[in-house]
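Number of protein chains: 2
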Amino acid sequence: MKFKTALIQMAMSADPSANLHKAVQKIREAANMGANVICLPELFRSPYFCQKEDAEFFNLAEPIPGPSTEELGKVAAETKTVVIASLFEKRAPGLYHNTTALIGPDGKLAGMYRKMHIPDDPSYYEKYYFTPGDLGYRAFDTSAGKIGVLVCWDQWYPEAARLTALQGANILFYPTAIGWHPHEKAQYGAAQRDAWRTVQRGHAIANGVFVAAVNRVGHEKPEPSAPGLEFWGASFIADPFGVVVAEASTDEEEILLHEIDTARVEETRRNWPFLRDRRIDTYGGITERFGGK
Amino acid sequence: MKFKTALIQMAMSADPSANLHKAVQKIREAANMGANVICLPELFRSPYFCQKEDAEFFNLAEPIPGPSTEELGKVAAETKTVVIASLFEKRAPGLYHNTTALIGPDGKLAGMYRKMHIPDDPSYYEKYYFTPGDLGYRAFDTSAGKIGVLVCWDQWYPEAARLTALQGANILFYPTAIGWHPHEKAQYGAAQRDAWRTVQRGHAIANGVFVAAVNRVGHEKPEPSAPGLEFWGASFIADPFGVVVAEASTDEEEILLHEIDTARVEETRRNWPFLRDRRIDTYGGITERFGGK
Numbered sequence: 002m003k004f005k006t007a008l009i010q011m012a013m014s015a016d017p018s019a020n021l022h023k024a025v026q027k028i029r030e031a032a033n034m035g036a037n038v039i040c041l042p043e044l045f046r047s048p049y050f051c052q053k054e055d056a057e058f059f060n061l062a063e064p065i066p067g068p069s070t071e072e073l074g075k076v077a078a079e080t081k082t083v084v085i086a087s088l089f090e091k092r093a094p095g096l097y098h099n100t101t102a103l104i105g106p107d108g109k110l111a112g113m114y115r116k117m118h119i120p121d122d123p124s125y126y127e128k129y130y131f132t133p134g135d136l137g138y139r140a141f142d143t144s145a146g147k148i149g150v151l152v153c154w155d156q157w158y159p160e161a162a163r164l165t166a167l168q169g170a171n172i173l174f175y176p177t178a179i180g181w182h183p184h185e186k187a188q189y190g191a192a193q194r195d196a197w198r199t200v201q202r203g204h205a206i207a208n209g210v211f212v213a214a215v216n217r218v219g220h221e222k223p224e225p226s227a228p229g230l231e232f233w234g235a236s237f238i239a240d241p242f243g244v245v246v247a248e249a250s251t252d253e254e255e256i257l258l259h260e261i262d263t264a265r266v267e268e269t270r271r272n273w274p275f276l277r278d279r280r281i282d283t284y285g286g287i288t289e290r291f292g293g294k
Numbered sequence: 002m003k004f005k006t007a008l009i010q011m012a013m014s015a016d017p018s019a020n021l022h023k024a025v026q027k028i029r030e031a032a033n034m035g036a037n038v039i040c041l042p043e044l045f046r047s048p049y050f051c052q053k054e055d056a057e058f059f060n061l062a063e064p065i066p067g068p069s070t071e072e073l074g075k076v077a078a079e080t081k082t083v084v085i086a087s088l089f090e091k092r093a094p095g096l097y098h099n100t101t102a103l104i105g106p107d108g109k110l111a112g113m114y115r116k117m118h119i120p121d122d123p124s125y126y127e128k129y130y131f132t133p134g135d136l137g138y139r140a141f142d143t144s145a146g147k148i149g150v151l152v153c154w155d156q157w158y159p160e161a162a163r164l165t166a167l168q169g170a171n172i173l174f175y176p177t178a179i180g181w182h183p184h185e186k187a188q189y190g191a192a193q194r195d196a197w198r199t200v201q202r203g204h205a206i207a208n209g210v211f212v213a214a215v216n217r218v219g220h221e222k223p224e225p226s227a228p229g230l231e232f233w234g235a236s237f238i239a240d241p242f243g244v245v246v247a248e249a250s251t252d253e254e255e256i257l258l259h260e261i262d263t264a265r266v267e268e269t270r271r272n273w274p275f276l277r278d279r280r281i282d283t284y285g286g287i288t289e290r291f292g293g294k
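So the sequence lines, in the order shown, correspond to chains A and B. One gets my numbering by counting positions in the first sequence from 1 and adding 1 to each. One gets my numbering by counting positions in the second sequence from 1 and adding 1 to each.
The set of hints was computed from the structure by calculation and includes no laboratory data. Only a predicted model underlies this, so the values are computations on that prediction, with no experimental measurement involved. Do not take every clue at face value.
Intra- or inter-copy, both count: the list cannot distinguish identical chains.
[Unchecked claim] The calculated lysine to aspartate or glutamate pairs, modelled on DMTMM-like cross-linking and capped at a C-alpha distance of 25 angstroms, are: (1) Lys-186 <-> Glu-30; (2) Lys-91 <-> Asp-121; (3) Lys-128 <-> Asp-282; (4) Lys-128 <-> Glu-268; (5) Lys-5 <-> Asp-107; (6) Lys-91 <-> Asp-278; (7) Lys-128 <-> Glu-185; (8) Lys-91 <-> Asp-282; (9) Lys-53 <-> Asp-278; (10) Lys-186 <-> Glu-268; (11) Lys-75 <-> Glu-289.
Looking at chain A on its own, in the form it has when it is part of the complex (with noise of 0.2 angstroms):
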């Protein structure tokens, strides 16, 4: 099976409705380029909100299916396409997720992921925000197959990886907001990005899966004075042997798309057969938090 993917990789305005606007327009872009999988990056409604803890941001989640849901479903079956959407989950008062909505071409909500591994360092202040998931790893039956869905920090995690491609993922994407820290940026800007493509492209070869991340673009500041994230871009596709078939830039706009042939996979796997010989067995540690103490 083949498919055609592409990555909006955006910038976001501090007004929600113009930020789902634009995306919906950029949907409309990519399907008329050839789309059939269209991926936003990570909590495309509004700005990174996380840069700090304020408890007025929860006004900006929304119940999923709710109203970002029903605008891109109407988007997906104008055009279609399998629209990937990373929201700001509204569950229960006081209770709220980081939840990916994959919306099928008939333009409905198809399934959820709510991100399992949430950050908490300097400027991502998200276990403030989210609960940790809690619907596990998922590949969803789409027409253009099994694609996994992770968010982010997951990123990091070889575990959540394995667990979404043994559900029969062919491409896991991951939606994504990273950036530097303005006065990190010079000393370790270069190897910050590349630690993060090369672990994701460690997923795609132990995997044997495609990976596709999908980052935003812009200097974003929580206020005038602040320092603010500079985020990264840089949204890639890699193969299942961690070839880096397309790339976006650091610092602008685009849409990238990229034929994805689930084929590859199967060829790829047979040459390098690493799911062959996984020591089930042996693995159970995995489950422990350290040396088993």
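Using the hints provided, position chain B relative to the given structure of chain A.
Chain B alone, transformed into the frame defined by chain A:
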């Protein structure tokens, strides 16, 4: 803690005694360069005999402790170094392993690791020779801190790296014998070597540990008319953020020396606290073969 490690990238002859003699000389040389921990390539006592299945080759196997560990113990004691030596272990008649011995600066056998993941691919017929390991994933207490040892095909398994890191290892050593099929080299060679390097750099990043891979060099043919394997060398050391800090050539014997500062492990993990957020409550599926089936 700081120590210097040396990776002995070498070519093997048909004579096991000559290979052992060469290894001993190179250990002395590395120690003279200041090395405290010295690692040899996989199965350094012989050509890579797994290129064909031949029961005669079981004669190459030896007990551990045995002749090789005795000889290497002498040079370890003489140079006051830790020596990591990959050997063909005869455990009982008809029962053999691909085993790495860790020898302390007192010259004594300090630990053993039996290769857990055994490949079997054209010219890498290891399943014929080696029973998969049964000693688990280990980190060994040494004069240079906790050291993890894995072997070659283990390189492609994030589970092996994770489980060894969770035992407290600051560095993972991978004695290796990997090379190009001559007929594939022009088309696939660069991608193969890059995937091999990338997946291991990914282990360094995901676990916040140093990774040291030690490969052989040379074009070895099981018989003169066979295409054989061109071992690609390129031994390397990656730091806990996946940065390659030392790397050898693809075709020359080399002693690759680098100072390891274990403080880098903590520094890296503090800035990128992946171990903090592992969802151990959700990783049970890792012990299943595929999709819960």
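Here is what the structure says about each hint:
Taking CA atoms no more than 25 angstroms apart as the test, Lys-186 paired with Glu-30 passes in neither setting, with 33 angstroms inside one copy and 41 angstroms between copies. In the homo-oligomer, the alpha carbons of Lys-91 and Asp-121 lie at most 25 angstroms apart inside one protomer (20 angstroms), although the nearest pairing across protomers, at 50 angstroms, exceeds that limit. When the C-alpha separation of Lys-128 and Asp-282 is checked against a cutoff of 25 angstroms, the pair qualifies only between copies, where the shortest distance is 17 angstroms, while the shortest distance within a copy is 34 angstroms. In this assembly of identical chains, Lys-128 and Glu-268 lie within 25 angstroms of each other by CA distance solely across copies; the values are 22 angstroms between and 40 angstroms within a copy.
Taking the shortest alpha-carbon separations for Lys-5 and Asp-107, only the intra-copy value of 18 angstroms comes in at or below 25 angstroms, while the best inter-copy value is 61 angstroms. Taking the shortest alpha-carbon separations for Lys-91 and Asp-278, only the inter-copy value of 22 angstroms comes in at or below 25 angstroms, while the best intra-copy value is 42 angstroms. Taking the shortest alpha-carbon separations for Lys-128 and Glu-185, only the intra-copy value of 23 angstroms comes in at or below 25 angstroms, while the best inter-copy value is 48 angstroms. Proximity of Lys-91 to Asp-282 under the C-alpha cut-off of 25 angstroms is restricted to the inter-copy arrangement: shortest distance 23 angstroms between copies versus 40 angstroms within a copy.
Taking identical chains as interchangeable, the C-alpha atoms of Lys-53 and Asp-278 lie at most 25 angstroms apart only when they sit on different chains, with a minimum of 20 angstroms there against 45 angstroms within one chain. Taking the shortest alpha-carbon separations for Lys-186 and Glu-268, only the inter-copy value of 18 angstroms comes in at or below 25 angstroms, while the best intra-copy value is 39 angstroms. When the C-alpha separation of Lys-75 and Glu-289 is checked against a cutoff of 25 angstroms, the pair qualifies neither within a copy, at 44 angstroms, nor between copies, at 39 angstroms.
Checked against the numbered hints above, the structure breaks hints 1, 11 and satisfies the rest.
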